[in-house]
Every structure is written in structure tokens, then in C-alpha cells.
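Peer 1: Sequence:
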Amino acid sequence: MNSFYRAALCRVMRGVHSLVPTLFFGTIGVFRKLFMRISRHSRFVRPAARLLLCAAPLLAGCGLLAPPFPMSALPPASRLLAAYVVLGENGAASARAITPAGEPGLPDATCPNITVDGASRPMRIRAPAATPMLRPTASDPSESKPAAFPVLTCEFPLPGNAARATVDGIELRLPNAEVRRIVVVGDTGCRLKKKDNDWQACRDEQAWPFRAVADAAAAFAPDLVIHLGDIHYRENACPPQLAGCQGSPWGYGWDTWQADLFAPAAKLLAVAPWVVARGNHEECRRAGQGWFRFLDIQPYREARSCNDANNDAEADFSPPYAVPIARDLQFIVFDSAVAGHAPLDMKNPRDAHAFNQYRQQFAKVDELAGKPGVSTMFVNHHTLLAFAPDEKLGIAGGSPPQLAAMRSVRSTAYYPPSVKLALHGHVHLFEALNFASNHPAAIVAGMGGTNADANLPDPFPLDLSPADGVTLESITHSNDFGFVLMDKMESGWQISAHDRHGTRKVTCVLTGSKIRCDKTGLLK
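Using the numbering used here, read the sequence shown as starting at 7 and increasing by one per residue.
Note that these hints are calculated values from the structure, not bench results. All the pointers check out, no bait thrown in.
With a straight-line cut-off of 25 Å between C-alpha atoms, the simulated SDA-like cross-links for lysine to any residue are: (1) Lys-370 / Ala-309; (2) Lys-273 / Pro-106; (3) Lys-200 / Glu-149; (4) Lys-377 / Thr-418; (5) Lys-201 / Leu-350; (6) Lys-520 / Gly-475; (7) Lys-525 / Ser-502; (8) Lys-151 / Glu-308.
All chains should be modelled from the sequences, with the hints used to inform the complete structure.
Peer 2: Given below as C-alpha cells:
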């Protein structure tokens, strides 16, 4: 059966899920596994098995009981575990697909084909299935385990003029020539961390609402999604006495990536291409192995895989790159994974290496931002000209390592003149900051789902500065979970913060490098 019609039929069948009795799903699950095992051995059985499994809910629709979960939560007929598009250097679009890694000679041992504007092409393996040896992590060795990836990560570079692409019947969202609506989200994973005795209730959607946040954001049908990093948070095993996170996967392998990103963000991944900044939770000592498999925009290679800690000095830094979204506007994406909070000690070889890397990278930002007639929005994880609540300092400013490197390139101007807005995560709050000094506006959108930080004080002391030479004019802030929406206007951008349900909390307007909000201070 043609993949387009098969996918359409599956969607129709799923629409009748309210008629399906609960008990029937257990039986269907058993038969699904049997059919898929059989279908691996026959190109004729596989399409029939998929069709039967899609049609089964309709055949069972006796209306006795509604299912306790949405039909979309059931395993799809496709063998794909995820399919999505990431944008890289110069806006180049890479189609990605994740599939189970089968035995050699069986269909799941190879990547699927992608159909681009009617022409079918094989996707190539970006990263094969593997379980690398346990490397040093941010946790004690007794609290760590090797990261297992029993999946193939497949990729295909999409032509710039492609109009339509599908993988295994699943439609991919391709870049628009001009982006007019953007979803911005950050710090989304469920936090399980023994060192801080911090255990988020991953099974409780009130305590960890990323699925609701992602679904609400997807409903706005954006042209682009920007994730500001810190995607993966499940570092350690949930203690047996805590019910809220029992049974959660942990560590840095595929199961945790699926739980923290690919399952809860399925709708948001499907609705638009993504630009992804790397956070400190994706550094090599943490989830860097999955970062390079699934989201990094450079070709996958062993020296930049985070599998071997001897390569961390290279793999923990990536060059910045530009993503044009219109003829006169671009994003510059910066990897700040190991920036940290403490000032650098230049006598420490690791700190000296980080400073030199960041200085070179900010010099590259200067070059990328120098295109005539093109405005720039800067995207990275760690805050720069913004604030964070701090147990010792009360209120902390931006990342000292990055600010030091920026001053070495641009003094206390920090940014090149073309930068009009900076987007950050890391601090688990929403902030919109406008400056009386000649510095670009800043948005912090680290409220995507991981445990929220304490609110900044209200009223906020406007005489505080996030960095030398910077004068704050106004700040709007909140620690509610949610996301940011950016809508293009004739003379700038409307930037609004929304809660986990999609309800708007504040509306701001960016004109040039200045942002004005209809509310200031703490959002109540």
C-alpha cells in the first residue's frame, strides 16, 4: 500500500480512539509485537500487518470504555521512534530519523528511505547502535552506568529548495523562506540528581509539565522552534522511597533521551524544524554522547562523540554558526556547554583552555554578525546580560567565563552592533530585560519543565547590573512553567510569555534592540 494512503488511514483510525475498550489494548499490544516480528521477514506481510494494526481500534469499537490514554501514545505502525528536522550552518536542514537497531539482514538494521519531492533516497547512518564503555561522568562512578544506544540515528541533508519530505509515511516540516512565528523553550528535562538531592516527580505532569508545555506550544503552529539547551536531566536512579519518579529511566542512554525529549516533545518536533543550543547538561560528562548522536549539526565522528574523555577538550566546544531566517535577519547559535558560573583562573590549564576557546568563538560571532544589512539574534544556553537567583550572592549576573571572553573581543559593548536580542536558558525563569545602556535586549526562557528557580525579588533593584558597563532599565520576570512565542510584525517582533496551557502572561514588543512589555516586575 502507498505510504501516503497508509499514513492517512492510520490517522483516521486513531481519531476514533474514544470508542476503544481499555482491555482490548493489552491484547492489541501482544498481537502488535507478534505481527511486527513476523513482518521483519517478509516485505509482503509487513504492510498488511501495519494496516491491520491501524484498523484494529475501529474493529474493536464497541464503545464500552474509553482508553485511559490518548491513541497517540500507542506505538505507531511505523518503525520510526522519532523523525524531525534540525537547522545548521547557513540554515542547512538535516532530516533525522531514529529507528530500532535490528539484527544484520533484517529491515531494522538499515536506515529508512526518505522521499523528497517525490524522489525516494536512502538515509545514511549518522550514528550506529552502540553501548560505549563507561566514561567519567558528573556523578560518582557508583552512581553511573554506560550509555546504551540500541538505535540507529539516520540523517539526510535536505536540498534548500525542497518543498515536501516524508520518512516512512511521516511528514517532515521543512524550513519556510521567511520565518514569522517562533517558539522558544529551554531547560525542559525531568531533574533526577543525587548530588543535589533533587528528585522531580517525572510521572506527575503537574510536577514535570514539559509534555503539556510542548503540546501547547505546538498548537500555535510555529515556523521554527528554538530550544535553548538543558534537554536531558535524568542523571541518577530514583531512590526507592520516592513514588513520584519510580520506574524512570536514568543515565545518559537512549531510554532517558526518549523520556526527556522525544516522547514528551513529539508534537513540537513534528510541527516545525528546530534550532538547538547546547546546554551544560549536554556537556561530555553528562548527556554529550546523545547530543552528538541526535542533535548536533556537524558530521558525527568519534573524536567529537564524547565517548572518550580524552577528547573532551575538543568535543566540549563547537564553533558558532548562523541560521538566516529572512534576508535581513539571522540567528547566531553559540555552544556554551562548559561555561560554568565561577570566574576563570587562568593558572588552571582547563580554565585557560576554555577562555581561549570562547575568545576564538566570540571573534567568530563578530565575523558572522558583520554581514551588511543583516540584524542578528544571539542564541546560547548560559545567561549573559541577565540575572539568576543565587543562594550565596542573592542575585548573580551573567556567566563570568563568557563575559570575560566577550570583553576581550568587544570590551564592555560585549556584542557586535548588529545583535538586537539575546536568547538564553539555564536560569529556570522567564525574564525580559531592557537596558538604558547601549546593549541588546535579553530574553531568558528556561522555564520549560525542569524544577523552577526561586523568583527574583519584587520590586527588582534596578541599580543592579548583570555585567560591567551595563545599566538596567526594566525587567519582567516569572518562575511559572511555559514557553515564549515570537511573532513578526512590520516594525519588529511581538514577544509573549505563555504558561504551560498556552495562556499568555505578558506581551512585549521588540523594536531595534529595545524591548517594552505591558507589565514589569514579577508576573502574578
